[in-house]
Amino acid sequence: MRAAGVLRGDSIPRSLSRHGRAAGMPLLFLASILATLAIHRDFGAFDVQSLALGALPLAMAATAQAIVVISGGIDLSVGSMIAVANVLSASLMQHASFRQSLALAVLVLVLGAAQGAINGVLIVLSRIPDIVVTLTTGFIWGGVALLILERPGGGAPSGFLDIGAGADLSPFLPNALILLIVAVGVIWLPVRSSRLGLSLYATGSDPVAAFRSGVDPRLARILAYGLGGIFCAIGGVALTMTTGIGAPLAGAYYTLSSVAAVVIGGVSLNGGRGGVLGPILAALLLTLLPMDLIFLNIDPNYGQVIQGTLIVLVVMVGGFAAFLQGRS
Amino acid sequence: MSSDGKLLLRVTGVAKRFGSVIALRSAALELSAGEIHALMGANGAGKSTLVKVITGEFPADAGEIAVAGDVTVFRSPAEARRSGIVSVYQDPALVPDLTIAQNMRLARVPLEAVRGVMGDLGIERLDLSRRAREIDYPHLRLIDLSRALAAKPRILILDEITAALPADLTERVFAVVRDWRRRGHSVIFISHRMAEVAALADRATILRDGVTVGVTSTRDAQKTRDAQKMRDAEEQIVNMMLGAEVAKAAAEPAQRPRHDGARQGPPALEVRDLAYGHALSGVSFRLGAGEILGVAALEGQGQQELFDCIAGIRRAAAGEIRANGRALELRHPADAIRAGLVLVPANRLHALLPQRSVRENVALASFGRLGAWGPIAMGAERKRVESAVERLQIDRRASSEVRRLSGGNQQKVVIARWLAAGFRTLLCFDPTRGIDIGTKRQIYALLREVAAQGASVLLFTSELPEIRLACDRAIVLFAGRISGEMQASEADEARLLRAAHGLTAHERAPEPA
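Those protein sequences? They're chains G and H, same order as listed.
Residue numbers are given in numbering that gives the first Met the number 0: position 313 of the first sequence equals residue 312, and the series is strictly consecutive.
Residue numbers are given in numbering that gives the first Met the number 0: position 465 of the second sequence equals residue 464, and the series is strictly consecutive.
In isolation and in its complexed conformation, chain G is listed as follows (with noise of 0.2 Å):
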């Protein structure tokens, strides 16, 4: 969104106000890289690379959870629908060939998208607040990824784990970072540029006027979830490449640092307002942050204090932002 401002002429300062919240993102981010270089001044090639494999599947997470959020839901589901694609790719592609490996991962997202359109099915037709139904289907879907793969195991063929952790792609950029370029790029911008991009938003913002509009918000909701859904397993898919293995619990940490990064990036909870850039860059602060603390060495447990006063901060000031712009 704030690309589309500033191409369509918008003065630097009214796109900065229009996108109180998610302008400080980029800024905070810019910040957190030249911090990480101070800290730790030989930071090169291999730990871009890292910090890229590391924040690819909460990307994915991040991204799933801002599509959700902007067409007015949430979804607590999310992590769960990671474990799933991780356990199932894992567990299939164990013995599969490179080729059968890659039809394997489509046949994976492919499932994404129908455990998410099941979510949004659920709390249309239920009409049952979508933080229960999907809390809900959260605890069947950790369950079905247990079900899949008892203890963490399986593997995927070499060829297929070098797409993701790889660097052979590009010499400029780590394969992990041109995967989320091409997930996003390919998936989600032609929907955000579309009539459907425009009713996710349209329903997130305010349902009965989206109707009124020609929208069907409950079509809406579904396919936002199905989105998600997709999203969801290629984070799943992502955590195989990365960590060459299938874990069933793994997918836990994914629920609620997504919606962490969908706060901390500038999307409304209301809502109809944001994008997932912000999301996306705050995935890789809440990646490269733990990784400055350790380079600190300072107590993980401290760690974690420290990442959530980081986290209450900055979304302070983003609402102080937003404060100030309803006054003027």
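Keep in mind the hints are simulated off the structure, nothing from the lab.
From the three backbone atoms N, C-alpha and C, an ideal C-beta is built for every residue, glycine too.
Misleading hints may appear alongside valid ones.
Cβ pair distances, simulated, as ranges [as the list claims (entries may be wrong)]:
| # | chain 1 | residue 1 | chain 2 | residue 2 | range |
| --- | --- | --- | --- | --- | --- |
| 1 | H | 133 | G | 125 | 33 to 43 Å |
| 2 | H | 223 | G | 125 | 58 to 68 Å |
| 3 | H | 133 | G | 157 | 46 to 56 Å |
| 4 | G | 125 | H | 352 | 37 to 47 Å |
| 5 | G | 152 | H | 356 | 51 to 61 Å |
| 6 | G | 158 | H | 81 | 12 to 22 Å |
Go by the hints and put chain H onto chain G.
Chain H alone, transformed into the frame defined by chain G:
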């Protein structure tokens, strides 16, 4: 104007209920090609609900809608739009977080067409890349109208389009609407303003309590612009709108011995030179014990601030509020309640715990008095609540959750609470907003009863005829000042309206002999 009488839309027997609230009982409407058809009715008569049923926002429980002879059921406004029926709703149907251009794209309306209509309305300079959220309400409605017209509907529905518009924009809207009729299309026009209806409409359909009670031609009045014909049409419409019962009651003086205003002792409430920001300045009045003082005002003339100050919700910037001769320092609603000043707000849900029972809601304000320490005295609570519920004839069918009651019954629960807790002065802010006529009368009867027992009532109502029905005396607010004061017997709609527009600020009509 083409008026070949070809029937374009026929609505028969449409009914719609929401929970325990019946919005439409049996609505009918016939719209010919090339006519402007006014849809009229008191607040809560079901006009907006009928529009939403016609345009497929929600389905009717019963009844039939035929477009050009074919019985049709629209499942969404988009379907209605495809059949050439487009409405400009009371609350703009523009998505706040999208730009105007995006909103048009969302509704699949070509931007050039919208720009054309915006030009006709004189708002072509509006920046289409602004978000709907950033645009003020009158302009949003004009944009909504532009979008509706750009879809080239054969039936255009305007739900109180002029309500928030300044006069110059209203004229432009009228010109555009007349032009639409000239091209052979039809318009359903909802407005409370008789003058607008007489100036624009060919016919008028009148709804009362969800039932179509009549259709009348306004074409003569509209074409000849003859003052007498306009008055006749207006008279006819008002009689149908109010119904024989209320029209009769409106003509009769209230059946209660009028308060003489000359009881001894200090007034129950006295306000001196009250000021609050830009909203209020130099407001002074007295309210005697046993008196009902009406407050009349157009939207946003300081009435909300006045009530909030007296109820302790806002702190006045200057001035004095005295109850029974004692000056009050109101820092919090609790201070006002202790002084016997209790508020019945317009939005009933601001005063109620919607998910709790009637009993708890009624007892809420009494808890402090039933037992200062320790557990609530259940027996005492039940007794008090029972007697209040009894007295107000509150509907008991849905007493386990207040939110399931109708609006009128919710309002009664708020009043019952204060009856149970005790008070000296009831501050009623538009207590009958959106309430059916039957319950309205019960509420007014109750206010009279309360006053007869010595308590006093300060009553703001947005419906001017009610001042005469319910009050002893009235003050009128305009731009934060008192612009008129009169006995209820003189408070006919015309006088109130003049004062409410600030026209009689210094001339006081002579007392009738």
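Status of the hints after comparison with the structure:
1. 133/H - 125/G: 33 to 43 Å: Since the Cβ atoms of residue 133/H and residue 125/G sit about 36 Å apart, the hinted range of 33 to 43 Å holds.
2. 223/H - 125/G: 58 to 68 Å: holds (59 Å)
3. 133/H - 157/G: 46 to 56 Å: holds (54 Å)
4. 125/G - 352/H: 37 to 47 Å: 26 Å Cβ-Cβ, so the 37 to 47 Å window is violated.
5. 152/G - 356/H: 51 to 61 Å: Between residue 152/G and residue 356/H, where Cβ atoms are some 56 Å apart, the hint holds.
6. 158/G - 81/H: 12 to 22 Å: violated (52 Å)
Consistency note: the structure conflicts with the earlier hints numbered 4, 6.
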